[in-house]
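There are 2 protein chains.
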Amino acid sequence: MNRPRLDDRLADLETDGYLIDASQEDANQLYLSGFTGPDPFLTLYADGAVHVLVGGLEYGRAKKEATADGVERHADYDYEYGGREARNDMYAAFVRDKGVESVSMPPRGPVGTADALRERGVAVTVDTDDRLREVRAVKTDDEIEAIREAQAANEAAMRAAEDLIAGADVATESDDAETGVLLRDGEPLTSERVTEEIEVTLLRHGCALDETIVAGGAQAADPHDRGSGPLRADEAIIVDIFPRSKATKYNADMTRTFCVGEPNETLREWYELTERALDAALDAVEPGATGEDVHAAACEVYEEAGEPTFRTDPETETGFIHSTGHGIGLDVHESPRLASGGGELEPGHVITVEPGLYDPDVGGVRIEDLVVVTEDGYENLTDYPIRFAAE
Amino acid sequence: MNRPRLDDRLADLETDGYLIDASQEDANQLYLSGFTGPDPFLTLYADGAVHVLVGGLEYGRAKKEATADGVERHADYDYEYGGREARNDMYAAFVRDKGVESVSMPPRGPVGTADALRERGVAVTVDTDDRLREVRAVKTDDEIEAIREAQAANEAAMRAAEDLIAGADVATESDDAETGVLLRDGEPLTSERVTEEIEVTLLRHGCALDETIVAGGAQAADPHDRGSGPLRADEAIIVDIFPRSKATKYNADMTRTFCVGEPNETLREWYELTERALDAALDAVEPGATGEDVHAAACEVYEEAGEPTFRTDPETETGFIHSTGHGIGLDVHESPRLASGGGELEPGHVITVEPGLYDPDVGGVRIEDLVVVTEDGYENLTDYPIRFAAE
Numbered sequence: 001m002n003r004p005r006l007d008d009r010l011a012d013l014e015t016d017g018y019l020i021d022a023s024q025e026d027a028n029q030l031y032l033s034g035f036t037g038p039d040p041f042l043t044l045y046a047d048g049a050v051h052v053l054v055g056g057l058e059y060g061r062a063k064k065e066a067t068a069d070g071v072e073r074h075a076d077y078d079y080e081y082g083g084r085e086a087r088n089d090m091y092a093a094f095v096r097d098k099g100v101e102s103v104s105m106p107p108r109g110p111v112g113t114a115d116a117l118r119e120r121g122v123a124v125t126v127d128t129d130d131r132l133r134e135v136r137a138v139k140t141d142d143e144i145e146a147i148r149e150a151q152a153a154n155e156a157a158m159r160a161a162e163d164l165i166a167g168a169d170v171a172t173e174s175d176d177a178e179t180g181v182l183l184r185d186g187e188p189l190t191s192e193r194v195t196e197e198i199e200v201t202l203l204r205h206g207c208a209l210d211e212t213i214v215a216g217g218a219q220a221a222d223p224h225d226r227g228s229g230p231l232r233a234d235e236a237i238i239v240d241i242f243p244r245s246k247a248t249k250y251n252a253d254m255t256r257t258f259c260v261g262e263p264n265e266t267l268r269e270w271y272e273l274t275e276r277a278l279d280a281a282l283d284a285v286e287p288g289a290t291g292e293d294v295h296a297a298a299c300e301v302y303e304e305a306g307e308p309t310f311r312t313d314p315e316t317e318t319g320f321i322h323s324t325g326h327g328i329g330l331d332v333h334e335s336p337r338l339a340s341g342g343g344e345l346e347p348g349h350v351i352t353v354e355p356g357l358y359d360p361d362v363g364g365v366r367i368e369d370l371v372v373v374t375e376d377g378y379e380n381l382t383d384y385p386i387r388f389a390a391e
Numbered sequence: 001m002n003r004p005r006l007d008d009r010l011a012d013l014e015t016d017g018y019l020i021d022a023s024q025e026d027a028n029q030l031y032l033s034g035f036t037g038p039d040p041f042l043t044l045y046a047d048g049a050v051h052v053l054v055g056g057l058e059y060g061r062a063k064k065e066a067t068a069d070g071v072e073r074h075a076d077y078d079y080e081y082g083g084r085e086a087r088n089d090m091y092a093a094f095v096r097d098k099g100v101e102s103v104s105m106p107p108r109g110p111v112g113t114a115d116a117l118r119e120r121g122v123a124v125t126v127d128t129d130d131r132l133r134e135v136r137a138v139k140t141d142d143e144i145e146a147i148r149e150a151q152a153a154n155e156a157a158m159r160a161a162e163d164l165i166a167g168a169d170v171a172t173e174s175d176d177a178e179t180g181v182l183l184r185d186g187e188p189l190t191s192e193r194v195t196e197e198i199e200v201t202l203l204r205h206g207c208a209l210d211e212t213i214v215a216g217g218a219q220a221a222d223p224h225d226r227g228s229g230p231l232r233a234d235e236a237i238i239v240d241i242f243p244r245s246k247a248t249k250y251n252a253d254m255t256r257t258f259c260v261g262e263p264n265e266t267l268r269e270w271y272e273l274t275e276r277a278l279d280a281a282l283d284a285v286e287p288g289a290t291g292e293d294v295h296a297a298a299c300e301v302y303e304e305a306g307e308p309t310f311r312t313d314p315e316t317e318t319g320f321i322h323s324t325g326h327g328i329g330l331d332v333h334e335s336p337r338l339a340s341g342g343g344e345l346e347p348g349h350v351i352t353v354e355p356g357l358y359d360p361d362v363g364g365v366r367i368e369d370l371v372v373v374t375e376d377g378y379e380n381l382t383d384y385p386i387r388f389a390a391e
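Protein chains in written order, with this note's numbering: chain Z, 1 to 391; chain D, 1 to 391.
Be careful, since some hints might not be right.
Note that the list lumps identical chains together, so a pair holds whenever it fits in one copy or between two copies.
With a Cα cut of at most 20 Å, we get these calculated EDC-like pairs of lysine to aspartate or glutamate [stated by the list, open to error]:
| # | residue 1 | residue 2 |
| --- | --- | --- |
| 1 | 64 | 211 |
| 2 | 98 | 12 |
| 3 | 64 | 262 |
| 4 | 98 | 315 |
| 5 | 64 | 101 |
| 6 | 64 | 317 |
| 7 | 63 | 39 |
| 8 | 63 | 78 |
| 9 | 249 | 134 |
No lab work stands behind these hints, which were simulated from the structure alone.
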């Protein structure tokens with residue numbers, strides 16, 4: 001945790017404390033408490049100290065694991081499975097015990113807890129700026145190292161995926177499968193098969209993930225389609241992997257687009273354009289530049305080539321139809337945004353840069369690197385070749 | 001989705017609608033919308049119809065996938081990345097467009113959205129009963145089938161774990177490793193190695209999980225310790241696996257406790273007692289019995305043997321120190337609770353039954369089956385032997 005930055009950003013709160021009610025699944029909670037509690041628990045920042053309140057079953061582990069200044073348990077407030085009202089009484093007592101009469105909560109904090117505290121006379125304000133999210137955006141060296149490690153696992157998984165794709169045969173009329181379908185050992189090579197290989201490789205490298213994208217042809221034209229069914233020759237296959245380290249909980253993110261066989265001229269142009277858009281966006285990354293600047297650099301490459309973007313046509317469903325990138329850390333998607341309205345980049349921001357083009361009639365192409373903003377530009381944390389022809 | 005049960009449970013709302021603002025990670029959202037959106041989106045139940053509001057990037061997929069009666073996109077409300085206030089204006093417009101002036105939100109709904117709607121004149125009430133959670137507790141036949149499939153994958157993973165443990169050698173003085181440590185191919189068999197095998201097996205069977213428990217010795221005495229480092233002979237090794245089907249998103253859950261070598265007399269007694277507590281609890285499962293009744297049946301076995309439980313000593317840190325079980329479905333932990341205060345069981349409840357004993361000086365023993373409450377008792381969805389000696 002970047003404690004000085006935390007103290008700085010919470011210094012001008014208009015409330016006595018900052019309260020989080022969430023499990024470790026919530027990145028703000030994990031960041032502030034340092035504790036991987038599977039069930040929701042409270043963390044309160046007040047007077048420069050971090051206090052955690054957990055159930056008895058978690059107490060021992062929380063005392064060992066949490067980076068908080070203090071850990072208490074429900075029994076310290078005479079609460080034992082007493083139902084909802086008693087639980088809310090305990091929450092109010094815990095907060096008041098720290099001399100706190102008013103708290104800020106992040107926008108996605110639970111309204112049930114907020115309203116229950118209000119009923120008990122504790123003022124609750126929504127921190128619409130989501131300050132902890134902003135604190136988390138600038139990484140410490142340890143956090144960058146954790147992301148670098150997750151990215152190394154990611155590259156091993158991408159290698160496994162590319163190997164499967166590159167080593168595929170293409171079905172001809174003499175095969176059982178439809179002509180053009182990729183084959184491994186005579187069986188169609190599916191998105192699901194590649195995904196499984198990616199996930200197993202990640203597990204072997206200490207990472208896990210809920211989802212990954214292996215999408216070919218028209219499926220690749222929907223940036224959020226995870227992909228399914230047989231992959232085919234001559235089409236663009238988007239492989240987008242965003243694993244999380246099981247040890248550190250930090251994420252990495254990378255996309256490559258591959259082709260087996262002969263992509264048509266449009267796909268070849270798209271790939272080349274996207275490489276140029278990536279380079280232009282990367283060139284724009286430096287402290288003081290905004291996320292909007294970086295997004296603009298990618299958009300300009302596409303727009304000059306006559307491809308639609310959200311800037312030229314907010315309603316477009318083809319072309320460059322997403323932002324250029326996002327911060328990454330304990331969340332896969334966090335601050336800053338590389339998009340219209342995206343704010344100033346700072347050293348320590350870890351961001352993805354991922355331009356792409358989409359049209360169901362053509363397919364999809366996306367190339368994504370992961371970089372950290374440095375004092376004088378950026379360091380690319382990605383060490384994986386950029387090539388359309390899988391090899 | 002159990003639509004009649006949903007309509008029934010939401011019939012007496014005192015608000016015009018029921019609103020969820022969450023991603024697919026929230027089980028209520030996934031249940032009500034049927035859509036696996038990776039970013040938070042709105043689902044509104046009003047006048048017997050379910051309406052979903054998503055961003056443009058998700059619109060195509062949501063239209064195909066969502067079970068909702070209607071799907072709209074941000075552009076329908078002239079919203080385009082306009083920042084927080086514009087987003088909240090859109091949310092209020094979407095709600096009002098359905099003739100809704102007041103909404104209920106689940107207790108863990110985001111306070112930011114709740115307060116923003118209030119500021120815009122939409123009354124927001126917290127549904128402290130979490131009605132959707134209660135709707136979800138009773139499963140349809142399709143949901144039970146989905147859980148059964150996840151459980152089949154779970155059993156394959158348990159088999160892989162038991163194989164690793166049963167096939168281990170025990171280090172003697174002539175080995176490099178500490179005497180008593182389990183060895184595979186000459187290397188210490190660690191919790192991490194068994195965990196990896198479990199996770200890879202689950203992936204091969206279409207399931208994923210964030211965490212699993214493989215904890216031996218004193219680690220097993222903390223029911224939430226995931227376990228780490230070398231496993232040893234003569235100690236109890238708890239293996240608790242709760243995988244989620246990637247296709248259906250439904251969970252399964254099972255625990256077995258294994259031993260290689262000679263457990264001491266206390267551990268043998270604990271294992272036998274826990275088998276009896278499991279049987280007693282299962283015998284108590286039937287419609288009309290309460291979760292408290294089932295918990296009491298398990299507690300009585302332990303209490304008669306002189307082991308402490310939360311009933312006899314709420315402060316105890318050894319003995320039977322958790323509830324007897326929990327509902328399971330889209331969440332690993334959901335309604336009903338098999339614990340003090342747990343309510344009446346109904347046909348279609350899918351629950352775990354998992355008594356256990358814990359003491360850092362002895363270790364931990366837990367045995368967990370997964371069952372569905374039927375019209376006249378229960379059906380056990382678990383088909384895995386119960387035996388202490390790994391084989």
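Could you figure out if residue 98 and residue 12 sit no more than 20 Å apart (CA to CA) within one copy, between two copies, both or neither? within (18 Å within a copy, 40 Å between copies)
Taking 20 Å as the upper bound on the Cα-Cα distance, should residue 63 and residue 78 be classified as within, between, both, or neither? Answer is within: at 19 Å inside a copy they meet the 20 Å cutoff, but 49 Å across does not.
Pop the pair residue 63 and residue 39 into one bin, within, between, both or neither, using alpha-carbon distances up to 20 Å. within (16 Å within a copy, 33 Å between copies)
Could you place residue 64 and residue 317 in one of the four classes (within, between, both, neither) given a Cα distance threshold of 20 Å? Cα proximity of residue 64 and residue 317: across copies only (16 Å, versus 51 Å in one copy).
Within, between, both or neither, where residue 98 and residue 315 count as close if Cα-Cα is 20 Å or less: The answer is neither: 51 Å in one copy and 24 Å across copies each exceed 20 Å.
Checking an output row: residue 64 and residue 211, CA cutoff 20 Å. Within, between, both or neither? Intra 31 Å, inter 19 Å, cutoff 20 Å: inter-copy only.
How would you label the pair residue 64, residue 262 (within, between, both, or neither) given a Cα cut-off of 20 Å? Neither. Shortest intra-copy (57 Å) and inter-copy (31 Å) distances fail the 20 Å Cα cut-off.
I want to check one pair: residue 64 and residue 101. Are their C-alpha atoms no more than 20 Å apart within a copy, between two copies, both, or neither? neither (29 Å within a copy, 48 Å between copies)
Between the shortest in-copy and the shortest cross-copy C-alpha distance, which are at most 20 Å for residue 249 and residue 134: within, between, both, or neither? Close inside one copy (18 Å), not across copies (32 Å); limit 20 Å.
In the structure shown, a violation is registered for the earlier hints numbered 3, 4 and 5, in ascending order.
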